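Whenever a hint applies, use it, and build me the whole structure from the sequences.
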Amino acid sequence: MFVAFILAYYPSLYLPALIAFIVIMGLVAYRGQSGGASRREVEEVLSSRLLYSEGQLEKIMAEDEKLVEEYSRLMKATTLPLLVTFPLAIGLFFILPGAYSKLVEGLGLSGPLGRMIDWLLVFETISAVTFGLRAAMTRKHRITHMLMIAREFEVREKGLVVHAGLRPMVIPFPLSRDYRVEVDEDRRFVELVEDKRKLRIRLYTSRPRRVYELIRRLGLSKTS
Numbered sequence: 544m545f546v547a548f549i550l551a552y553y554p555s556l557y558l559p560a561l562i563a564f565i566v567i568m569g570l571v572a573y574r575g576q577s578g579g580a581s582r583r584e585v586e587e588v589l590s591s592r593l594l595y596s597e598g599q600l601e602k603i604m605a606e607d608e609k610l611v612e613e614y615s616r617l618m619k620a621t622t623l624p625l626l627v628t629f630p631l632a633i634g635l636f637f638i639l640p641g642a643y644s645k646l647v648e649g650l651g652l653s654g655p656l657g658r659m660i661d662w663l664l665v666f667e668t669i670s671a672v673t674f675g676l677r678a679a680m681t682r683k684h685r686i687t688h689m690l691m692i693a694r695e696f697e698v699r700e701k702g703l704v705v706h707a708g709l710r711p712m713v714i715p716f717p718l719s720r721d722y723r724v725e726v727d728e729d730r731r732f733v734e735l736v737e738d739k740r741k742l743r744i745r746l747y748t749s750r751p752r753r754v755y756e757l758i759r760r761l762g763l764s765k766t767s
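Take 544 as the starting number for the sequence shown in the working numbering and just add one per residue.
One should not assume that every hint holds.
Listed below are the simulated EDC-like cross-link pairs for lysine to aspartate or glutamate, each with C-alpha atoms no more than 16 Å apart in a straight line [claimed, not checked]:
(1) LYS602 <-> ASP729
(2) LYS609 <-> GLU728
(3) LYS609 <-> ASP729
(4) LYS739 <-> ASP721
(5) LYS701 <-> GLU587
(6) LYS701 <-> GLU756
(7) LYS741 <-> ASP721
(8) LYS701 <-> GLU584
(9) LYS741 <-> GLU725
(10) LYS602 <-> GLU695
(11) LYS683 <-> GLU613
(12) LYS701 <-> GLU586
(13) LYS609 <-> ASP727
Label-pair distances were calculated between CB atoms; the ranges are [as the list claims (entries may be wrong)]:
(14) PHE674 <-> GLY598: 28 to 38 Å
(15) ALA679 <-> GLY654: 33 to 43 Å
(16) ARG592 <-> LEU631: 40 to 50 Å
(17) VAL611 <-> GLY641: 45 to 55 Å
(18) LEU650 <-> ARG720: 39 to 49 Å
(19) ALA605 <-> LYS739: 25 to 35 Å
Rather than coming from a laboratory, the hints here were simulated on the basis of the structure.
Source: prediction; values computed, not measured.
Heads up, the beta-carbon is just placed ideally off N, CA and C, and yes, glycines get one too.
Dropping the structure here:
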C-alpha cells in the first residue's frame with residue numbers, strides 16, 4: 544500500500560520505490576526465519592540457563608537414509624519458485640502498470656487516485672502469481688510443510704535457539720498452540736511442527752528422547 548501510494552502521488556520517486564519494493568520482499572523472506580519473538584523475549588531466552596546443546600549435526604544427518612529423498616522433493620518444490628518468482632515479480636513490476644492503466648481509465652479513474660489503484664492491482668497480481676506458483680509446486684511434490692534443519696541448537700530454560708538460516712531463530716517457552724512436538728528416535732531427530740506457517744523445524748540429535756522430553760516439559764507445560 545505504501546509503495547503504491549508513493550508511485551501514485553510521487554512518480555518522480557519511481558526508482559526509490561522500486562528499490563523499496565525489492566527491500567520489502569527481502570525483509571519478508573528474512574523475517575520468515577525468525578521465531579516471531581520480541582527483543583525482550585530474545586534477551587530472556589539467551590540469558591537463561593543452558594540445559595542442552597548440540598552442534599556439527601552433519602554426521603547424524605548423513606545417517607538418516609530417508610533424508611535424501613525427502614530433501615530432493617523439497618528442493619524441487621522450492622528451488623524452481625525461488626529462481627523464478629523474484630525475476631518474475633520484477634518483470635511484472637515493469638509490464639503490468641501499462642496493462643492495468645487502460646482498465647483503470649475505463650472505470651473513470653484518473654489522476655493520482657487512478658494511478659494508485661493501478662499500482663495496487665499490480666502488487667496484488669504479483670502476490671497472486673508468486674503464491675500460486677509456490678502452491679502448485681508444493682502440491683505437485685506432496686510438500687505440506689517446509690523443512691528447516693538446524694545446523695546446531697540450544698535448549699535453554701526459557702526457550703530454544705536454533706541455528707538454521709541467516710540468523711539464529713529464538714523460540715520462547717512456553718510454545719504457542721501453533722506448535723506440535725514430535726520425535727523420531729529411529730531417524731534421531733525432534734521436530735517442532737508449526738501448522739500456521741506450514742513449517743517443520745528439525746533438530747537432529749544424538750539424544751532425541753532427552754531433547755524431546757526437555758522441550759515437552761519446558762515448552763508445553765503451560766499450553767497442553
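Tested hints:
no., hint, verdict
1, LYS602 <-> ASP729, "15 Å, holds"
2, LYS609 <-> GLU728, "13 Å, holds"
3, LYS609 <-> ASP729, "11 Å, holds"
4, LYS739 <-> ASP721, "6 Å, holds"
5, LYS701 <-> GLU587, "7 Å, holds"
6, LYS701 <-> GLU756, "15 Å, holds"
7, LYS741 <-> ASP721, "10 Å, holds"
8, LYS701 <-> GLU584, "9 Å, holds"
9, LYS741 <-> GLU725, "15 Å, holds"
10, LYS602 <-> GLU695, "12 Å, holds"
11, LYS683 <-> GLU613, "14 Å, holds"
12, LYS701 <-> GLU586, "10 Å, holds"
13, LYS609 <-> ASP727, "12 Å, holds"
14, PHE674 <-> GLY598: 28 to 38 Å, "35 Å, holds"
15, ALA679 <-> GLY654: 33 to 43 Å, "38 Å, holds"
16, ARG592 <-> LEU631: 40 to 50 Å, "47 Å, holds"
17, VAL611 <-> GLY641: 45 to 55 Å, "46 Å, holds"
18, LEU650 <-> ARG720: 39 to 49 Å, "44 Å, holds"
19, ALA605 <-> LYS739: 25 to 35 Å, "31 Å, holds"
Every hint from the earlier list agrees with this structure, and none is contradicted.
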